[in-house]
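Peer 1: Its first residue numbered 1, the sequence shown is counted upward by one per residue in this note's numbering.
What the hints contain is simulated information worked out from the structure, not anything from laboratory work. Treat the hints with caution; some may be incorrect.
Stated by the list, open to error - Heads up, simulated DSS-like pairs for lysine-lysine below, C-alpha to C-alpha not over 30 Å straight-line:
#1 K86 - K62
#2 K113 - K35
#3 K149 - K9
#4 K160 - K61
#5 K171 - K149
#6 K35 - K114
#7 K171 - K61
#8 K9 - K86
Unchecked claim - Quick list of the computed label-pair ranges, beta carbon to beta carbon:
#9 D26 - T87: 34 to 40 Å
#10 M147 - V3: 18 to 24 Å
#11 K62 - V110: 31 to 37 Å
#12 Y137 - R167: 30 to 36 Å
#13 P88 - D26: 34 to 40 Å
Ideal placement from N, C-alpha and C gives every residue a C-beta, glycine not left out.
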Amino acid sequence: MSVFEELKKQILFEGLSDEELATLVDLVEPINYEKGAPIIRELEPTRGIFLIKSGEVEITKKLPIDLKTKMLITVRNMQNCCEIRKTPYGWRQVFSSLIEGQYFGELSVVEGKKHHGADADAVDDCELYLIRANHFYDIEAKNPLMMLKIFRTMARVASKTVRYLDRQLLKLLIGF
Numbered sequence: 001m002s003v004f005e006e007l008k009k010q011i012l013f014e015g016l017s018d019e020e021l022a023t024l025v026d027l028v029e030p031i032n033y034e035k036g037a038p039i040i041r042e043l044e045p046t047r048g049i050f051l052i053k054s055g056e057v058e059i060t061k062k063l064p065i066d067l068k069t070k071m072l073i074t075v076r077n078m079q080n081c082c083e084i085r086k087t088p089y090g091w092r093q094v095f096s097s098l099i100e101g102q103y104f105g106e107l108s109v110v111e112g113k114k115h116h117g118a119d120a121d122a123v124d125d126c127e128l129y130l131i132r133a134n135h136f137y138d139i140e141a142k143n144p145l146m147m148l149k150i151f152r153t154m155a156r157v158a159s160k161t162v163r164y165l166d167r168q169l170l171k172l173l174i175g176f
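All chains should be modelled from the sequences, with the hints used to inform the complete structure.
Peer 2: Below, the structure written as structure tokens:
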């Protein structure tokens, strides 16, 4: 399948016309990661937005842990409201598991941050596309209408995430 056809399957580009999508074909870089490989690390320089062609990616953040926090983790895990676990790299909170068609790294790019705010690891062998931050900013400058469509999609996805987090918070607060 061509890169163009693969990009058509990406959630981030749902609202784009074929002409707009065609302008992105030369801007994306294919990157492969083996199962278990780190893709990005918190505080690494921001590279760009990653689009998942295949595989699963887990987004996590390291937690500072003391005894009180360990007890809270046990309660949260029992309530099934969020996943926190010990790894070889310390205690980690899982923010999300992402699959084909989804994307990550966008917050650092959109907010203009110089460093990523979380880790991303390949749960399976992964095929990704990377849109480097500078290419994203070029699109923003040269084609604001196309960028508006991309931002609308990001807002829609973020809205779904906020609704999910609201349900999780309610579950945590009332214990069901």
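Peer 1: Determine for every hint whether it applies to the structure shown.
Peer 2: So, going through the hints one by one against the coordinates:
About 10 Å separates the Cα atoms of K86 and K62, which keeps this hinted pair within 30 Å; it holds. Of the pairs offered as hints, the one joining K113 and K35 holds, with about 28 Å between alpha carbons and a cut-off of 30 Å not exceeded. Taking the CA atoms of K149 and K9, the gap is about 15 Å. The hint holds against a cut of 30 Å. Restraint check: the Cα-Cα separation between K160 and K61 comes to about 21 Å, which is no more than 30 Å; the hinted pair holds.
A distance of roughly 34 Å separates the Cα atoms of K171 and K149; the hinted pair therefore is violated under the 30 Å criterion. In summary, the hint linking K35 to K114 is supported, as the alpha carbons are separated by about 27 Å, within the 30 Å threshold. Between K171 and K61 the alpha-carbon distance is near 21 Å, which keeps this suggested pair within the 30 Å criterion. For the suggested pair K9 and K86, the alpha carbons sit about 35 Å apart, so the restraint of at most 30 Å is broken.
Separation of D26 from T87 is about 38 Å and conforms to the stated range, judged on CB atoms against 34 to 40 Å. Roughly 20 Å separates the CB atoms of M147 and V3, a value that falls within the hinted 18 to 24 Å. One distance hint, 31 to 37 Å for the beta-carbon pair K62 and V110, is violated here, with the actual separation near 23 Å. As the Cβ distance of Y137 to R167 is approximately 35 Å, the hint placing it in 30 to 36 Å holds.
In this structure, P88 and D26 meet the distance hint of 34 to 40 Å, their C-beta atoms being roughly 39 Å apart.
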